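S.K.: Residue-level listing of the chains:
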Amino acid sequence: MTTTTIAPEQTEVAQETWKGQSVPRKEDRRLLEGQGVFVDDVKRHGMGYIHFVRSPYGHAHISSIDVSKAEEIGGVYGTLTGEEVASLTDPFFQISSVPGANLKDYALAVGKVRYVGEAVVAVVAETRELARDASELVEIEYEPLPAVTDARHARDADAPTLHEDAGGNLMWEGVYEWGDLDAAFAEADKIVKIDELHFHRFNSTPLETNGALVEYNRGIGQWTIHTNNQFPGFAAIMMGPAMRCGLDKLRFVTQDIGGGFGNKITSHPQLVACCLLARKLGRPVQWTEWRTDFHMSMSHGNERWFQNTEVAVKDDGTLLGFRTTALDDAGAWLRYEPLGGVIWAQVTPGMYRWKHIRVDFQQVATNKAPCSPNRGYSRMQHLWFTERMIDIVAHELGLDPVEVRKRNYIRADEMPYETPNGCVYDSGDYARMLDIGLDLIDYAGIEARREEAESRGKLLGVGIGSTLDSGTNNFAQSQLINPELQFSGNNEVATVKLDIFGEIVVTLGTTPQGQGHETTASQVVADILKCSLEDVHVRSGHDSYWNSHAGFSGTYASQFAVTGLTAVKGATEMLAAEIKQLAGAVFGGVPPEALEFADGGVRIAESPEAFLPFMACGAIINANNAGLPDDLNVTLNCRYVYKPPFQVPDIERKFGNLTLTYATQIHVAVVEIDPETGYYDIVDYVAIDDCGKRINPQIVEGQVMGATAQALGAVMHEQFTYDEDGNLLTPNFYDYHVPHALDMPPLKTGSIESPSPFTELGTKGMGEGGGAGIHSVCAAIQDALRGHGDAVVWDSSNPYHRVWEMLQHPAEAGGSVSVVSA
Amino acid sequence: MVSTEQRISVTINGTTYEREVEARKLLIHFIRDDLDLTGSHIGCDTGNCGACSVILDGRLVKSCMLLAVQADGSAVETVEGLADGDELSKLQQSFKDHHALQCGYCTPGMLMSATALLRANPHPSEDEIKKGLQGNICRCTGYWNIFEAVKAASE
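Heads up: the protein sequence lines correspond to chains A and B, in order. As numbered in this note's numbering, residues 1 to 822 make up the first sequence, in order. As numbered in this note's numbering, residues 1 to 155 make up the second sequence, in order.
Quick caveat, the hints were computed from the structure, so don't treat them as lab data. All values derive from a computational prediction rather than experimental measurement. For glycine and all other residues, C-beta sits at the position ideal for the given N, C-alpha and C. Since no wrong hints were added, every one of them can be taken at face value.
So the derived list for chain B, only partly shown, Cβ under 10 Å to chain A, looks like this:
(1) Gln-102
(2) Asp-127
(3) Gly-142
(4) Trp-144
Please model the complete structure; the sequences and the hints are all you need to start from.
M.R.: Set out below in structure tokens:
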């Protein structure tokens, strides 16, 4: 129908393994029957529903708060104010060095509000409806203040200051410089200057909003937090110190999560409010974010300006280097920021061989919702910028964007490739992927199609988006933001055990949101123990009580295929070794190397009739262990912590390896623009993926498709737009248009497999897609405008009216570019 | 606070429920909160996303756009009623076969819309499938595999 899938080019002869097969997902059945358990499905007797009263102002002093009228209503259980929060908790730990380090961030606004939608008071009542109604009776007096919503003016002398504690709106700044810029610009034939580029504000708007059901056990002083937070390790680190409790007092439980995309990492302020209310009111409390609340307050993707960019290039299109000032709009609080100020550096040169790079990075606060991770977090912005530079250079110098890419792509024979800032790209073949993509789009016939489109009065353009999905973070990169921080490396945990009746039970530290962890983990386990997928029971979701988590546990930043599955592999191999030890003893001293797994048990390879089923193994260790040898130290309950091989980078030079793997995507888009209206259709689209060894190709392809759709929505429609007073103009799915079924273009997918040399399974984390759809559509519009005003596509948001403006008023449309002969 | 309770009788997936409900309670909250049939979901508050789609007296509706009292005397079908015992419906099985779901949050509504579509039009064209599903938002899949699943179920 609308999709075409090209089988991957196999890098190895297929083996008889579960890995590599598109087995059906274990998760599907319960989800298809309506038997998933999402957070709003969790109910407790006597629970109260939370509604947050939110700021109607972008910036204001809070003069007074009176909750008495709300509390008088029958069925209202109680309230929580910022004043109470400030006395019961400490401000959240800040990642930033000064001045951002000085922020005093609490679960509710204290003294001031700084964006429309900031939570000021929480009301708890017997029903959702009553909580909402009673919130109307909370009386809050505000003294409005001027707002700043344009990052470019946040540091103006007359700009209002959001955080007096920080002494201004600059939150963090850092200079990144590698190579020899002066030499590069001296060597250049041409210098392409780009005044301004803008990456707009949007996020992935998971269909399920944030939520929690929180119970407080007064006897032991412990909270159980049923939630859809996707990074409990981070939430715990934020919440424990703020709530003045140890992490043993915070039990996080998740099961099914209705999409995350990074947007469910920073719900810790609301979770703290829930915890305080559960304790204060002596009853379970339930919070489910309204859609409008999500849009107004949760995890907007980083908005970024690239100013005064200069690209040093040779006449033949050889790229030497670039310099720019990146201005990041963090919104009102630093909830995960300013990590975006370094995360981009995982992909500093994009996919290109330029060696001389300088980025002056600044992050400022504005009266808008706080930015936090969003699919492609911070790398997407930088990769879009990189791709824009490539296409603008090609456009200005009259070169073919395909040739410029091929001339400058890092080559397959240079892998592993050390980037100018010390990151190591593990593997890949970008030029080959591009060729496959161009072939699928019939690039050779594109000029004929262009002419045919023009005969119908349409402008046709083709564009390429080359992008990286860097995965498995080295958290030491946080020390480039703040050398005082004590984070480095990464980890993930799995446990695998044999239970009494031989059940193989797996627990993970991750919090999947549709990525199929139960399925892929089973594939890894079943290959080692030579059993069926049905024999492997992977517990759904995350529970702190399982002891299968560590500090970085969660599902984020493209890492499960490396961190999670290597932990599963490690734990299963430990279990396999123990089973063989046990069986060896039972068989009367047979060495492990003489044993093999088969048919749900272990046997002597040379005499397969000597067979011990897993059921017997589980029963012996767990319930029938008298008479076992004293030196047989096996538990059949194995825990493995995977730790990638990372070092702390050189902080001074900002040099070192920041991520373990680099999945790659190359997309090609063909657009047709109606020059009268600016309306355009994507008439052809190709997505080529390389994420190394694929455990389950169908799941990988699903991630590719989903990331593509999100990127197309972002580039064409989605934006969190604010007016100058700080009102969000797109607070729901009416105004914030996400792609619907009728919006979807035809799609062709293809893939190659470049196994990672740095991971045990050859896998690479993937799923974020690096915003390739944004890059390719911007490039395609740029191409279509060639000879039709030649406006520069300077913004990542290109709704129809902006395309119309670029056609009608190319000189004023923004993105002034000039070329200087060096 | 004025509260107007009304007694209603609604048959869901063949079981008749009689309950007192507040006049303003939405049908989706009645189904999810009062009856604990949590398969139908809520993804927006504005009728855009379709996660709450159910079939009411044979018509596809978004249950967040109706009051519970409006369903008084009606027969409602939800995702929990699609499978025949342990056997998934052809459409459910097709979703599984074609990887037409990831997080599964939109899936119940998507299944109800597709079920209604296939009842009205057992052999829809690609365009008819897209039109039939345009009221349901999915943020994970990009819809392509959903189109494939619905098409396969119609064959």
